[in-house]
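2 protein chains.
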Amino acid sequence: MTDAASRPSVTAAILVIGDEILSGRTKDKNIGYIAEYLTNIGVDVKEVRVVPDVEAEIITALDALRHRYTYVFTTGGIGPTHDDITADCVAKAFGVTIDVDPRARAMLLTRIAEKDLNEARLRMARIPAGADLIVNKVSSAPGFRIGNVFVMAGVPSIMQAMLDEAAPTLKTGIKMLSDSVRADLREGDIGTPLGEVAKAHPDVSIGSYPFVDPERGPNTNIVVRARDAEKLATAKAAVEAMLARVKAGLRQSA
Amino acid sequence: MTDAASRPSVTAAILVIGDEILSGRTKDKNIGYIAEYLTNIGVDVKEVRVVPDVEAEIITALDALRHRYTYVFTTGGIGPTHDDITADCVAKAFGVTIDVDPRARAMLLTRIAEKDLNEARLRMARIPAGADLIVNKVSSAPGFRIGNVFVMAGVPSIMQAMLDEAAPTLKTGIKMLSDSVRADLREGDIGTPLGEVAKAHPDVSIGSYPFVDPERGPNTNIVVRARDAEKLATAKAAVEAMLARVKAGLRQSA
Numbered sequence: 001m002t003d004a005a006s007r008p009s010v011t012a013a014i015l016v017i018g019d020e021i022l023s024g025r026t027k028d029k030n031i032g033y034i035a036e037y038l039t040n041i042g043v044d045v046k047e048v049r050v051v052p053d054v055e056a057e058i059i060t061a062l063d064a065l066r067h068r069y070t071y072v073f074t075t076g077g078i079g080p081t082h083d084d085i086t087a088d089c090v091a092k093a094f095g096v097t098i099d100v101d102p103r104a105r106a107m108l109l110t111r112i113a114e115k116d117l118n119e120a121r122l123r124m125a126r127i128p129a130g131a132d133l134i135v136n137k138v139s140s141a142p143g144f145r146i147g148n149v150f151v152m153a154g155v156p157s158i159m160q161a162m163l164d165e166a167a168p169t170l171k172t173g174i175k176m177l178s179d180s181v182r183a184d185l186r187e188g189d190i191g192t193p194l195g196e197v198a199k200a201h202p203d204v205s206i207g208s209y210p211f212v213d214p215e216r217g218p219n220t221n222i223v224v225r226a227r228d229a230e231k232l233a234t235a236k237a238a239v240e241a242m243l244a245r246v247k248a249g250l251r252q253s254a
Numbered sequence: 001m002t003d004a005a006s007r008p009s010v011t012a013a014i015l016v017i018g019d020e021i022l023s024g025r026t027k028d029k030n031i032g033y034i035a036e037y038l039t040n041i042g043v044d045v046k047e048v049r050v051v052p053d054v055e056a057e058i059i060t061a062l063d064a065l066r067h068r069y070t071y072v073f074t075t076g077g078i079g080p081t082h083d084d085i086t087a088d089c090v091a092k093a094f095g096v097t098i099d100v101d102p103r104a105r106a107m108l109l110t111r112i113a114e115k116d117l118n119e120a121r122l123r124m125a126r127i128p129a130g131a132d133l134i135v136n137k138v139s140s141a142p143g144f145r146i147g148n149v150f151v152m153a154g155v156p157s158i159m160q161a162m163l164d165e166a167a168p169t170l171k172t173g174i175k176m177l178s179d180s181v182r183a184d185l186r187e188g189d190i191g192t193p194l195g196e197v198a199k200a201h202p203d204v205s206i207g208s209y210p211f212v213d214p215e216r217g218p219n220t221n222i223v224v225r226a227r228d229a230e231k232l233a234t235a236k237a238a239v240e241a242m243l244a245r246v247k248a249g250l251r252q253s254a
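Line by line, the protein sequences give chains A and B.
My numbering puts the first sequence at residues 1 to 254.
My numbering puts the second sequence at residues 1 to 254.
Heads up, some of the hints might be wrong.
[Claimed, not checked] For each label pair, taking beta carbons as the anchor points, the in silico distance ranges come out as:
| # | chain 1 | residue 1 | chain 2 | residue 2 | range |
| --- | --- | --- | --- | --- | --- |
| 1 | B | N40 | A | E55 | 24 to 34 Å |
| 2 | B | S180 | A | E230 | 48 to 58 Å |
| 3 | B | N40 | A | R111 | 37 to 47 Å |
| 4 | A | A229 | B | A167 | 45 to 55 Å |
| 5 | A | E36 | B | E240 | 34 to 44 Å |
| 6 | B | K175 | A | K115 | 37 to 47 Å |
| 7 | B | A200 | A | T97 | 27 to 37 Å |
| 8 | B | G217 | A | N118 | 14 to 24 Å |
| 9 | A | I41 | B | S178 | 38 to 48 Å |
| 10 | A | E55 | B | N118 | 50 to 60 Å |
| 11 | B | P168 | A | L109 | 50 to 60 Å |
| 12 | B | H67 | A | R251 | 47 to 57 Å |
| 13 | B | A248 | A | L109 | 22 to 32 Å |
Hint data in this document are derived by calculation from the structure and do not stem from the laboratory.
Glycine included, every Cβ here is placed at the ideal spot set by N, Cα and C.
This is chain A alone, in the form it adopts within the complex (with noise of 0.2 Å):
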């Protein structure tokens, strides 16, 4: 047995909070960051939602992901208006409560004058009881750590920075390795032998994703990805195998 498949594989879901994103009128940036700085780090994304603003649905959706998965990322919703709830609703979700919290109140102080922390700018000091902070290097509202849920800021720069903070506290799993080939060949003239191929390596993931080569025309790229990397290069051996066996078979063909 590999060390691979004896250390257990660390999962992760993305929640992301905001009505902006549904309206369409902001295109997300997160999920796709998130999602490849967890899987470099050995942490696999099994999910990701989108909800609005809407304190039943954040809760809701925070329940279903946080028991399923090693660790749920949340981004959105923390800032100082009446439309920022996501602290709120995790604070209910773990039923814990929920109050101004001198750390971070002290934060935002290192860049907000003591006159100017109203009432709106303490809500982003407003913390659910037991989380730990998340520094924000950025802009000094901090985000939070409770239980296995990190509640991030929306704003990218910002969760990025809060990201790089919280990634050294995780749990991960072996990494996830990949290498991929270029098939020059349509998907459609290796589908079913690269699906052979696939079944062939159960321990390994193999997809095939088309893109257009402006001189060339269509073509494919085949993605191998294993734990192991003995099995990897096996699996992608395999693929090369079978793209020279396609190849041959057209050149014949023609």
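Let chain A serve as the given structure and place chain B on it in line with the hints.
Showing chain B alone in chain A's frame:
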């Protein structure tokens, strides 16, 4: 009672299917496009989910969404390779058979020579029984509609062409109207009074979106949304009056 209040709202969910989105290898460009498109024709997107190429996950998400919203729009997983399992999952969810559809096969033959119509390419003509096809003017392989579910490609240019075909068949609600006001104030300066304006206008959705003006620094856009033009105008005027009051207060205290 206004016309807006008497027409029921039309809702939708987006279901993005694909390992490559969850691994971050491919950055989704469809969610924002579909969300904006549907909002503009009076269909409210209420939820988005991203799931992997795993049958049980696709079916569970599809069933959760199709019973809850007027429409579901899926993207991804309808190509010619083994990881393209969306059509089969949709058939299972609806409890219908799936086979090569003569209409879809004929569409493929407008672009693909009969001798090249191998088993893999024929996968793209597998359509659940009872579904209507969605023409694909870009690459010929169709999407389809079954019940309230629209199944579209993952490649953005193809998805967009399919959405153009599907849109005229949708029932639409009263279009959500929106207007925005540039506050020329920081979000933290207006959070409390903006919340009061929002509370006083319960039929109007008021969102607050901070941004940084390269010359003048932190600023806020306030977006006011409603189905009724009069209510929208009244709420916008209330926001503007509030902003004037806050600015006068800040000048006095300066």
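Outcome of the hint check:
| no. | hint | result |
| --- | --- | --- |
| 1 | B/N40 / A/E55: 24 to 34 Å | holds, 27 Å |
| 2 | B/S180 / A/E230: 48 to 58 Å | holds, 56 Å |
| 3 | B/N40 / A/R111: 37 to 47 Å | holds, 38 Å |
| 4 | A/A229 / B/A167: 45 to 55 Å | holds, 47 Å |
| 5 | A/E36 / B/E240: 34 to 44 Å | holds, 42 Å |
| 6 | B/K175 / A/K115: 37 to 47 Å | holds, 44 Å |
| 7 | B/A200 / A/T97: 27 to 37 Å | holds, 29 Å |
| 8 | B/G217 / A/N118: 14 to 24 Å | holds, 18 Å |
| 9 | A/I41 / B/S178: 38 to 48 Å | holds, 39 Å |
| 10 | A/E55 / B/N118: 50 to 60 Å | holds, 52 Å |
| 11 | B/P168 / A/L109: 50 to 60 Å | holds, 56 Å |
| 12 | B/H67 / A/R251: 47 to 57 Å | holds, 52 Å |
| 13 | B/A248 / A/L109: 22 to 32 Å | holds, 26 Å |
Consistency note: the structure conflicts with none of the earlier hints.
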